[in-house]
Amino acid sequence: MSDKRTPRNTVGKPRRRVDGRAKVTGQTRFADDVALPRTVYCKLLRSKVPHAIVRSVDTTKAERHPGVLLVLTGKDFPITFGILPVSQDEDPLARDRVRFVGDPVAAIVAKDEATAADALDLIEVDYEILPTRATPLDAYENPAPRIHDYGEEGNVHKRVSFQFGDTEEAFGASDRVFEDDFFFQGNTHLPIEQHASIAAPDQDGKLTIWSSTQVPHYLHRSLARALAIQAAHIRVIACPNGGGFGGKTDPFNHEIVVAKAAMILGRPVKIALTREEVFYCHRGRHPVLMRFKTGVKNDGTITAMHLKTFIDGGAYGSYGVASTFYTGALQTVTYRIPRYRFEACRMFTNKPPCGPKRGHGTPQPRFGQEVQLDKIAEALALDPAQLRLKIVEQPDTITANYMHVQTIGLSDCIKSVVRRSDWAGRFRKLPHGKGLGLACSSYLSGAGLPIYWNKLPHSGVQLKLDRSGGVTVFCGATEVGQGSDDVLVNIVAEILGIDPFDIRCITGDTDLTPVDLGSYSSRVTLMMGNAAIQAADRARDLLAQAAAKKLDVPKDRLVFAERRVFDTEDPNKGMTFQEAVILAETEFGTLGTTGSYTPPRSPARYKGGGVGPSPTYSYTACVVEVDVDPRTGWIHVPKVWIAHDIGRALNPVLARGQVEGSVYMGL
Amino acid sequence: MKSLLHLSLSVNGETVETAVAPYKTLLEVLREDLNLTGTKHGCELGECGACAVLLDGQPVLSCLVVAAACEGRKITTVEGMAGRSGQLHPLQEAFADLGGSQCGYCTPGILLTAQHLLEKNPHPTRDEIAEALSGNLCRCTGYNQIFEAVEEAAARMRGPK
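Top to bottom, those sequences are chains A and B. Sequential numbering from 1 applies to the first sequence in my numbering. Sequential numbering from 668 applies to the second sequence in my numbering.
Isolated chain A, as found in the complex (with noise of 0.2 Å):
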């Protein structure tokens, strides 16, 4: 909300969000729910092999069996595909090479799913074996054979290097300098729903798929590369996802095959992948290998850190050059670290792809950084909170890598959780075999820069408003299961005065909604949310002029909450809200109004400056209590106490579900 309003009417209540009702009667449609007349069924054939050569694929017999109506492979593909402008490095189907268990090769469109599944097995590949790198030490020790062939170097994917400020100096005047490996392991999203698509021929021509993926904006430009058809003539239609956490961010390769069997076949096809077919799309957290070198005080102060990554990317691109960065990008965002060295190498390997997930490349690192933190307070004699309280980074202020930190409550968050566990009386006092420890994070609202370069909004949100009294409110934004559609509903219903439920809300479709670049890199209540602001108030101006000539009051005094408008020094002159309307709609004509949002342009103008900018930062921390049986070393955690600063809880039901679930996944 902007400054000058305090919210009376709907934003800061705990409520039944929008779509509530939907998701708890089984209404909710999903994209594998949606069911059309004269639907076929897909599925893919995935390379068993890790790598390969891809001789010869004949499917001739594939093409005879009863009820195949069409065997589509890698020559039916000839563009590439990627998230990234820099990483157009997948294949729709595989032309030539196969880079991991699961790469998709061909793809059988059948009468049914079952008569698919058989045909898979007729289809005969022709491999020639390359040998498996399975690990980035094997990638990089190994140049040959390259997996890719664009890159820095052999199997050398990305690498980036960054020096901010003399770190050596500082270094050479600390009184201590710790250097630390770590290892984090990665892992992937599991959402309960897979991944399902499913696309169609409109009555025009026109190529319509619904399909469970975060970013239907992405999609979209994807779609009109690989299949070459201007993006006019595609409609992408983002189904609300059963749990997405950054797993459905990537354009997919079963999306592409079907928008294009959809067009061959003139009906529509549908795929459903099977839980073993999304782990091969994985997108997952990156394992990264680490080394911190930083030197300290005595007082715990930072005089200088330089950080190392050695990342396995796996079989692409993906979002795997912005991971790589944001394996570095936030290191300076928590406490104040006066000069930053940074180093990553993205590697290739013959592993399912990794991309974001959750904190998108970030927690990696930050796990590494606060281990060390901890063993720093430990050489040094120091309490890790009081450590950490010591060296918070300040509101306002340019990082040594040109990260802008608005506002932040870390402070805050840690003594939060320092008094709720008791970590004064407890802390290095309890049992052997039982322990509390206590770590800090922070994240993005928002990426500041979108993932190809323009200067165009970030988020669109339309309001239409007519002499029913309805309102509608577009927008691009999927709502992945966070809440999105509430928090868009809610943010309209607090300006116009109204009930949420009486606001239809459509989202996620690229004919109907003004873009929204997707849900992911917690950014939707950000950006959709000032974008959904300038749009309600710009409507409410207009039912404010008329309602105002109406009554004869300064615009300025009316006051819109319970269904009315009315004058605030007299609540009795007014009207219903539906009466405004009527009023603006008789003195405007018909009513609609739009808003955007474009984040603020960064103070980070050097290469690689794109990745880490946010409008704000969030900020956590907890503490976490641990039991570990020294005889067989099994962890049982009994309790976490954390804090958040998140800003203003819109809906405090949805923002303790978003921090609750956050840290059940990360145990």
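No wet-lab data here; the hints were simulated from the structure. Virtual Cβ for every residue (Gly too), placed ideally from N, Cα, C. Heads up, a few of these hints could be off.
Here are some, though not all, of the chain A residues that point toward chain B, as calculated from beta-carbon distances under 10 Å [as the list claims (entries may be wrong)]:
no. : residue
1   : K23
2   : T25
3   : A114
4   : E276
5   : V480
6   : G483
Restricting the straight-line Cα-Cα distance to at most 30 Å, the calculated cross-link-like pairs of lysine-lysine (DSSO-like) are [to be verified]:
no. : chain 1 : residue 1 : chain 2 : residue 2
7   : B       : K691      : A       : K111
8   : A       : K48       : B       : K691
9   : B       : K691      : A       : K61
Position chain B against the provided structure of chain A, taking the given hints into account.
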């Protein structure tokens, strides 16, 4: 070998007749043949609980039940939980109000499993709720709001003291 199998089922109190491929699971028949898409296909391996329905009042994983074994039996899906005129079941009300459902994909299976629990045990403890729902995975909520919603629904169903 793929000639269709005639089935008569009692689904949400209505008798339905259908002819299905004999290899189909109850999940597939509900979703694909009867258009009851409220029941979710999750892992289809019997691990996640998203497809749970009540079969003769007992929770089952519909992805592991062959439809042919359901001839003449009673099945309750999430579509059968609400009453007439849009009256939600107390569990549905509580889940919607208290954040027990985020993405909603695990929700139908959890609601039906919880309904079975509350029919057997109107006063479940937190541990009993957790145990009853231990076969239903949720990746969004962290479970606390699910457990609280079941407790709230149990209280509402018991009525004022």
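Outcome of the hint check:
{"no.": "1", "hint": "K23", "result": "holds, 3 Å"}
{"no.": "2", "hint": "T25", "result": "holds, 6 Å"}
{"no.": "3", "hint": "A114", "result": "holds, 7 Å"}
{"no.": "4", "hint": "E276", "result": "holds, 9 Å"}
{"no.": "5", "hint": "V480", "result": "holds, 7 Å"}
{"no.": "6", "hint": "G483", "result": "holds, 7 Å"}
{"no.": "7", "hint": "K691/B - K111/A", "result": "holds, 15 Å"}
{"no.": "8", "hint": "K48/A - K691/B", "result": "holds, 27 Å"}
{"no.": "9", "hint": "K691/B - K61/A", "result": "holds, 26 Å"}
Hint compliance for this structure: every hint is met.
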